[in-house]
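There are 2 protein chains.
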Amino acid sequence: MEVPVSHGVSGARPMVGINWGSSNFRAWRIGAEGKILDRVSMPRGVASLDRDGMRACIDELVSRWGPLGDCWISGMIGSNIGWADAGYCEAPSSVADLAAHSLATMIRDTRVRIIPGLACTGPHGGPDVMRGEEVELYGYLANSGAVAGDQFIVLPGTHSKWVHCRDGRIVDFFTSMGGEVFDRLTTQGLLSSVTDGSGTADAAFDEGCERARLSGLNLGSLLFGVRAQAVRAGLGKADAASLLRGLLIGGEVADALRLYPTLADTRVTLIGNPGLSAMFARALAALEIASEIVESEPCCIAGYGALSRAAFAAKARAA
Amino acid sequence: MEVPVSHGVSGARPMVGINWGSSNFRAWRIGAEGKILDRVSMPRGVASLDRDGMRACIDELVSRWGPLGDCWISGMIGSNIGWADAGYCEAPSSVADLAAHSLATMIRDTRVRIIPGLACTGPHGGPDVMRGEEVELYGYLANSGAVAGDQFIVLPGTHSKWVHCRDGRIVDFFTSMGGEVFDRLTTQGLLSSVTDGSGTADAAFDEGCERARLSGLNLGSLLFGVRAQAVRAGLGKADAASLLRGLLIGGEVADALRLYPTLADTRVTLIGNPGLSAMFARALAALEIASEIVESEPCCIAGYGALSRAAFAAKARAA
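The listed protein sequences correspond, in order, to chains A and B.
One point on numbering: in the numbering used here, the residue at position 63 of the first sequence is 93, and numbering is uninterrupted.
One point on numbering: in the numbering used here, the residue at position 89 of the second sequence is 119, and numbering is uninterrupted.
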């Protein structure tokens with residue numbers, strides 16, 4: 031069922047890349063030279079699908095695009111709740127290591143490669159893991175070229191990843207759950223009635239960042255301040271959301287500096303949601319740390335391409 | 031409608047105390063000498079009641095006990111979502127200050143005193159508030175007598191209160207939301223699938239306490255470790271719950287020591303749920319800080335009695 035592929039001048043071949051997470055399925059048909067020919071996005075994450083449901087997703091792609099050819103899938107599809115457990119590749123690692131650890135399997139009549147997650151011993155001394163984000167990271171590194179010395183990439187989100195790279199390889203990383211804490215505390219409970227919205231990078235946000243940094247206190251003790259200020263000082267709901275974001279992101283930045291002191295002397299790359307990335311950029315700027323915000327999708331596409339090229343190169347060497 | 035009251039030898043008079051919070055209504059009929067004659071507990075907090083619903087609760091008490099006489103009500107009933115806003119009494123304060131700030135009003139034909147909350151500028155420099163807990167605190171202080179120098183009382187809970195007293199008066203306090211963070215994160219989201227139960231004071235708990243204390247990291251960055259250990263090191267669900275509790279309570283204790291350095295040299299009093307209090311006691315013991323666990327209900331009863339006596343004494347002085 032494999033379709034013949036023509037290799038582009040730079041080595042980028044036509045392919046399909048799929049990010050199949052817990053909640054969402056996002057697929058790209060990618061032409062030679064890494065051009066996006068079509069994209070499909072469906073709220074059909076693996077957490078809500080049985081194996082027939084997963085087969086149906088692949089069927090939909092095939093009926094739309096024809097045979098998928100060189101197809102790479104990242105995300106929770108490679109976990110124990112997905113199609114097959116692709117395990118984890120241990121950092122420090124390169125894109126070639128990740129490609130070599132990928133799991134070749136069939137979904138319906140389609141041959142796919144499931145990309146493993148990335149594991150490391152984090153800078154905090156404990157285990158840390160990611161699954162799905164590694165494609166964006168390797169794509170960004172492939173696009174931007176190796177940087178000499180330490181380089182830091184942040185993927186802001188529900189579970190933000192702070193990633194330490196050196197010479198174009200991922201050395202290690204740590205995860206902060208600040209985004210989830212924000213979501214949970216503003217959906218239900220004491221702070222839900224005093225906050226509104228997802229926060230903005232404004233003065234109340236700055237106040238939260240500063241409080242997180244200067245107080246030396248844990249989040250648990252800082253959170254109630256949002257409520258107390260609403261009750262006693264008339265803090266508005268939108269400002270309360272920004273203050274809460276500041277406490278969480280400011281604490282995250284303080285932790286990152288504690289774990290990665292050299293981060294202070296670099297230009298940090300932020301990949302992801304522009305609004306959230308802007309908040310991280312502002313928290314970093316308050317400490318005079320420069321950052322750049324990069325779009326996520328081109329990094330993803332470049333990541334699938336880099337994996338495909340790495341696998342093709344390995345096959346060529348083996349032949 | 032007021033009933034004649036006979037004053038006991040020690041000055042404790044027959045009365046009714048009601049703790050009327052957001053979720054629950056708990057009332058005690060208290061005899062002379064502070065003996066509990068009857069108790070009523072209903073899941074009818076002010077958050078779910080309109081004014082007729084509140085009147086109906088008082089009607090139920092009257093039909094059961096006859097006229098309520100000297101009746102004191104604490105909790106969210108005195109907030110802007112309750113029967114009447116009783117405001118806050120500013121700490122440092124004594125039980126007499128609190129009694130003097132209470133709000134006399136009628137619910138149906140029953141004359142009641144609504145107890146204000148307690149506000150302070152916390153040791154963190156920001157505002158802090160409590161509503162309901164102040165009765166237990168003043169009750170404990172009335173029962174145990176004034177202690178010279180600093181004294182610390184903790185009310186472990188969803189929103190734990192760490193209270194600093196001196197010479198039998200409440201000086202200030204701070205609130206930690208660690209309990210709510212535990213509840214929210216284990217109900218939904220990433221950690222809900224890897225944790226089970228509410229945690230116990232065991233080795234995994236100790237590990238969490240130590241990590242919170244020694245890492246110097248914010249909670250946001252420590253939380254994901256629970257997930258990573260479950261995925262990579264086979265951490266069981268009950269142990270994961272204990273580890274999470276340890277991270278939260280250990281962080282709370284570290285904050286308390288930062289805010290109240292003299293706490294290290296005292297015997298800390300823990301008032302509340304025995305299981306949760308035992309976890310706080312263990313986290314303190316790891317730092318060689320002694321503590322005692324005290325039952326909540328006798329403190330409440332003593333608190334209503336102390337308020338009633340303070341009001342009676344003030345009235346006697348005025349007469």
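You may find that some hints are simply not true.
Sample of chain A residues at the chain B side, in silico, Cβ under 10 Å [to be verified]:
no.	residue
1	54
2	58
3	230
4	258
5	317
6	318
7	319
8	321
9	323
10	324
Example chain A residues on the side facing chain B (calculated, C-beta under 10 Å, incomplete) [claimed, not checked]:
no.	residue
11	147
12	197
13	218
Covered by chain A, according to a simulated footprint, are these stretches of chain B (three or more residues, beta-carbon under 8 Å) [stated by the list, open to error]:
no.	stretch
14	100 to 106
15	174 to 185
16	251 to 264
17	282 to 289
Hints in this document: simulated from the structure, not taken from any laboratory.
Idealized CB from N, CA, C, for every residue including glycine.
Here is what the structure says about each hint:
no. : hint       : result
1   : 54         : violated, 16 Å
2   : 58         : violated, 26 Å
3   : 230        : violated, 19 Å
4   : 258        : holds, 4 Å
5   : 317        : violated, 15 Å
6   : 318        : violated, 21 Å
7   : 319        : violated, 17 Å
8   : 321        : violated, 19 Å
9   : 323        : violated, 21 Å
10  : 324        : violated, 23 Å
11  : 147        : holds, 9 Å
12  : 197        : violated, 26 Å
13  : 218        : holds, 7 Å
14  : 100 to 106 : violated (count 0)
15  : 174 to 185 : violated (count 0)
16  : 251 to 264 : holds (count 11)
17  : 282 to 289 : holds (count 5)
The structure fails hints 1, 2, 3, 5, 6, 7, 8, 9, 10, 12, 14 and 15 (numbered hints given earlier, in ascending order).
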